[in-house]
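**Q** If you want the building blocks of each chain, they are given just below.
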Amino acid sequence: MSTAGRRADADERYRNLTGQGPLTMDELARVVARDIPRGAYGNLGIGHPTRVAEHLRPEAGVVLHTENGMLGMGPLAVGDDVDPDLTNAGKLPVTELPGAAYFDHASSFAMMRGGHLDFCVLGAYQVSTDGDLANWHTGAGDDIPAVGGAMDLAIGARNVLVMMTLFTRSGAPKLVPRCTYPLTGVACVSRVYTDYAVFDISPGGGPRVRQTFGITPAELGQRLALPYTLR
Amino acid sequence: MSRTQFPSTPLEAVAGIPDGATVLVGGFGLAGMPFALIDALIEHGARDLTIVSNNAGNGEVGLAALLRAGRARKVICSFPRQSDSFVFDELYRAGKIELDVVPQGNLAERMRAAGAGIGAFYCPTAVGTPLADGKESRVIDGRTYLLEYPIRGDFALIAASCADELGNLVYRRTARNFGPVMATAAGTVIAQVSDIVPAGSMDPEAVVTPGIYVDRVVRVASHSRLDEVAR
Chain A
1 MSTAGRRADA DERYRNLTGQ GPLTMDELAR VVARDIPRGA YGNLGIGHPT
51 RVAEHLRPEA GVVLHTENGM LGMGPLAVGD DVDPDLTNAG KLPVTELPGA
101 AYFDHASSFA MMRGGHLDFC VLGAYQVSTD GDLANWHTGA GDDIPAVGGA
151 MDLAIGARNV LVMMTLFTRS GAPKLVPRCT YPLTGVACVS RVYTDYAVFD
201 ISPGGGPRVR QTFGITPAEL GQRLALPYTL R
Chain B
1 MSRTQFPSTP LEAVAGIPDG ATVLVGGFGL AGMPFALIDA LIEHGARDLT
51 IVSNNAGNGE VGLAALLRAG RARKVICSFP RQSDSFVFDE LYRAGKIELD
101 VVPQGNLAER MRAAGAGIGA FYCPTAVGTP LADGKESRVI DGRTYLLEYP
151 IRGDFALIAA SCADELGNLV YRRTARNFGP VMATAAGTVI AQVSDIVPAG
201 SMDPEAVVTP GIYVDRVVRV ASHSRLDEVA R
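Chain order of the listed sequences is A and B.
Throughout the first sequence, residue numbering follows my numbering, covering 1 to 231 in sequence.
Throughout the second sequence, residue numbering follows my numbering, covering 1 to 231 in sequence.
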């Protein structure tokens, strides 16, 4: 099949996908992967965002950064490819792709903080409609705080994309007017991918619905209980 | 001859670490963790230590074993809470160990500053979060930054793959992580390596940590502990 043919085929599958909802996290990972520009450099957070890698097409040439010190990270390692000296940020064994590069931790975070990464995809407990991110600590008294690289990524990557379910297990919205969990970063999120919809966030403008999955913007507005109409 | 010393055992390598010392410990999870030096430090017996490391121990080995032996008063790290950090979790919840959580990039950069003679620096990470509490802030070109101070160690324990007779070090893959920056940031830097080669047999272009930073090098069996853990 021609490249154009393959793309048309992918577009068709994508449209079908958007007619249903809510999406599984794997389907959502595919939606996120599709939006990553060709040749972009980026970092995928631990958890659901890691799945985005499985949906990046090799010909797109996206280069993955892992904050423990590598560009050009490949898929998870299995069998004989497992090397304890080669792991991702989640400490799982991974592989290296041709053209990979290693560097120390200070360089890795300088790269991030210096605005050289085009994007990161992070999980979240909550995102505010102004783009505040809460994803490191529940604030509960018995919870041991652990921040890792989340705060550095939140202020460092040029586009901070969040991938999360839109509601908690008990049905509470995770896209909220104000985060109640301790913040990871302020006004740093530019887009939120959820199982019900994709939102663009711009400072002071409120979220704009980019895409929905089996729900209308009006229904979304009701379930999110936002004090204004979703666009 | 180089001033770098080559003690014959890990126990000799950690000689002189006093009670109450601040010890930088390399590694990200298990990759790059100086297991032999940590085991030697446990045998050496120094107590009341402040440990600076990315994590607070995994499983029962390495840093976790040091904590279990009750040798650390305080841990400065970015990510203590993990699926296998039960040793730390228990000590922390029992109030037997102090924790200072530092964003991962700040942890690296604060050590870099210590090693580079920088008195303090302004960094945008953690602005607007609970980890900004008590820190001086300053607006530069319209962006808010926090004042961050160096973290210096009395000793650093790191792992590299190979040293030459002048103490030049090379690392393997993502096991490099904190090694190069910690090597600059401590009064006495102790490296465990799998191999020691004659001066001139290491490619000078490939040296990651120049020997000027390295005080003691000890050769240990290659990856024995990691292989054990990996199985």
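In case anyone wonders, no lab produced these hints; they're calculated from the structure.
In this text, a Cβ means the ideal position worked out from N, Cα and C, and glycines have one as well.
It is possible that some hints are incorrect.
[As the list claims (entries may be wrong)] Here are some chain A residues pointing at chain B (derived, C-beta under 10 Å):
#1 Thr66
#2 Asp132
#3 Asp152
**Q** The structure should be examined with respect to each hint, and the outcome stated for every one.
**A** Against the structure, the hints:
1. Thr66: holds (7 Å)
2. Asp132: The hint holds - Asp132 of chain A has a Cβ within 10 Å of chain B, the shortest such distance being about 8 Å.
3. Asp152: With Cβ-Cβ at 4 Å, under 10 Å, it holds.
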